[in-house]
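If you want the building blocks of each chain, they are given just below.
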Amino acid sequence: DAGVIQSPRHEVTEMGQEVTLRCKPISGHNSLFWYRQTMMRGLELLIYFNNNVPIDDSGMPEDRFSAKMPNASFSTLKIQPSEPRDSAVYFCASRFGLNTQYFGPGTRLTVL
Amino acid sequence: QQQVKQSPQSLIVQKGGISIINCAYENTAFDYFPWYQQFPGKGPALLIAIRPDVSEKKEGRFTISFNKSAKQFSLHIMDSQPGDSATYFCAASFPNFGNEKLTFGTGTRLTIIP
Numbered sequence: 006d007a008g009v010i011q012s013p014r015h016e017v018t019e020m021g022q023e024v025t026l027r028c029k030p031i032s033g034h035n036s037l038f039w040y041r042q043t044m045m046r047g048l049e050l051l052i053y054f055n056n057n058v059p060i061d062d063s064g065m066p067e068d069r070f071s072a073k074m075p076n077a078s079f080s081t082l083k084i085q086p087s088e089p090r091d092s093a094v095y096f097c098a099s100r101f102g103l104n105t106q107y108f109g110p111g112t113r114l115t116v117l
Numbered sequence: 035q036q037q038v039k040q041s042p043q044s045l046i047v048q049k050g051g052i053s054i055i056n057c058a059y060e061n062t063a064f065d066y067f068p069w070y071q072q073f074p075g076k077g078p079a080l081l082i083a084i085r086p087d088v089s090e091k092k093e094g095r096f097t098i099s100f101n102k103s104a105k106q107f108s109l110h111i112m113d114s115q116p117g118d119s120a121t122y123f124c125a126a127s128f129p130n131f132g133n134e135k136l137t138f139g140t141g142t143r144l145t146i147i148p
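Chains A and B supply the protein sequences, listed in that same order. Note that the numbering used here has the first sequence beginning at 6, numbered continuously upward. Note that the numbering used here has the second sequence beginning at 35, numbered continuously upward.
Bound conformation, chain A alone (with noise of 0.2 Å):
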């Protein structure tokens, strides 16, 4: 199995950019997790799935994040506009059933 996907796996953007994160979970897995990783902040967990459906968003930090799951094998993070305080290492995560978390190598987000 590859694992979870994630890419692009670093993104440099300027302060005011769309940027839109990409996560393929592993196949057969029913929850997806997005989460974000600072060293001021440690790892917070964004939003998650369950069969495509968001359960829990309140980690959200603000409207300008946005997540999508249209199908088992595909999700997005969007920041719109970004802002440099929203440079950070941003994981996907992917579970089936209660099981364990498999998660990604993470997308280095850089916000100028």
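Since the hints were made in silico from the structure, they are not lab data. Please read all numbers here as calculations on a predicted model, not as lab measurements. We put the CB at the ideal spot given by N, CA and C, even for glycine. Any given hint might turn out to be false.
Said to hold, decoys possible - In silico DSS-like links for lysine-lysine, alpha-carbon gap of 25 Å or less: (1) B/105 x B/91; (2) A/29 x B/76; (3) B/102 x B/135; (4) B/102 x B/49; (5) B/135 x B/105; (6) B/105 x B/49; (7) A/83 x A/73; (8) B/39 x B/91; (9) A/73 x B/76; (10) B/135 x A/29; (11) A/83 x B/76; (12) A/73 x B/135; (13) A/83 x B/135.
As the list claims (entries may be wrong) - Label pairs and their in silico Cβ distance ranges: (14) A/115 x B/42: 22 to 32 Å; (15) A/45 x B/102: 26 to 36 Å; (16) A/15 x B/51: 14 to 24 Å.
Given chain A, work out where chain B should sit, using these hints.
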């Protein structure tokens, strides 16, 4: 609200020594306590996990000790090796669907020196 407190923030241990990382939680409804290991440039990966019906779980050199009454759990790494140098996160979650998100500790950067 910080529901899982982890210490120390960083730890340096000599090769062959025992590394100990501690976590304390607040919510007694937590039912699952995993430890994740993260190497630089990689995503966290599950190392070992425990449920509160046992007080200890061992997998190779890694052991979780769990104290339900004190609401604390710890990770012990025996015979620590340079390859164990990484950041370790404890976490906790609830058992039921719809409320199963992991709450992570703040992480411990472990360095094993020769």
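Status of the hints after comparison with the structure:
Annotation: proposed proximity of residue 105 of chain B to residue 91 of chain B holds, straight-line Cα distance about 16 Å (limit 25 Å). For the suggested pair residue 29 of chain A and residue 76 of chain B, the alpha carbons sit about 16 Å apart, so the restraint of at most 25 Å is met. Proposed proximity of residue 102 of chain B and residue 135 of chain B is supported: the alpha carbons are some 20 Å apart, at most 25 Å. Pair hint residue 102 of chain B plus residue 49 of chain B does not hold up; C-alpha atoms about 31 Å apart against a cutoff of 25 Å.
Taken as a hint, the residue 135 of chain B and residue 105 of chain B pair is honoured in the structure, with Cα atoms around 19 Å apart against an allowance of 25 Å. Among the hinted pairs, residue 105 of chain B with residue 49 of chain B is inconsistent with the structure: their alpha-carbon atoms are about 30 Å apart, more than 25 Å. Between the alpha carbons of residue 83 of chain A and residue 73 of chain A the distance comes to roughly 8 Å, so the proposed pair stays at or under 25 Å and holds. Proposed proximity of residue 39 of chain B and residue 91 of chain B is supported: the alpha carbons are some 21 Å apart, at most 25 Å.
The hinted pair formed by residue 73 of chain A and residue 76 of chain B meets the criterion: a straight-line CA distance of about 24 Å does not exceed 25 Å. Distance check on the hinted pair: residue 135 of chain B and residue 29 of chain A sit about 19 Å apart at the alpha-carbon level, within 25 Å; holds. Our distance criterion of 25 Å between C-alpha atoms is met by residue 83 of chain A and residue 76 of chain B, whose separation comes to about 22 Å. Distance restraint check for residue 73 of chain A and residue 135 of chain B: the Cα-Cα separation of roughly 18 Å lies within the 25 Å cut-off, and the hinted pair is therefore satisfied.
Of the pairs offered as hints, the one joining residue 83 of chain A and residue 135 of chain B holds, with about 21 Å between alpha carbons and a cut-off of 25 Å not exceeded. Restraint check, residue 115 of chain A to residue 42 of chain B: a C-beta distance of roughly 29 Å satisfies the suggested window 22 to 32 Å. Between residue 45 of chain A and residue 102 of chain B, the C-beta spacing of about 32 Å keeps the proposed range 26 to 36 Å intact. About 36 Å separates the C-beta atoms of residue 15 of chain A and residue 51 of chain B, a value inconsistent with the hinted range of 14 to 24 Å.
Checked against the numbered hints above, the structure breaks hints 4, 6 and 16 and satisfies the rest.
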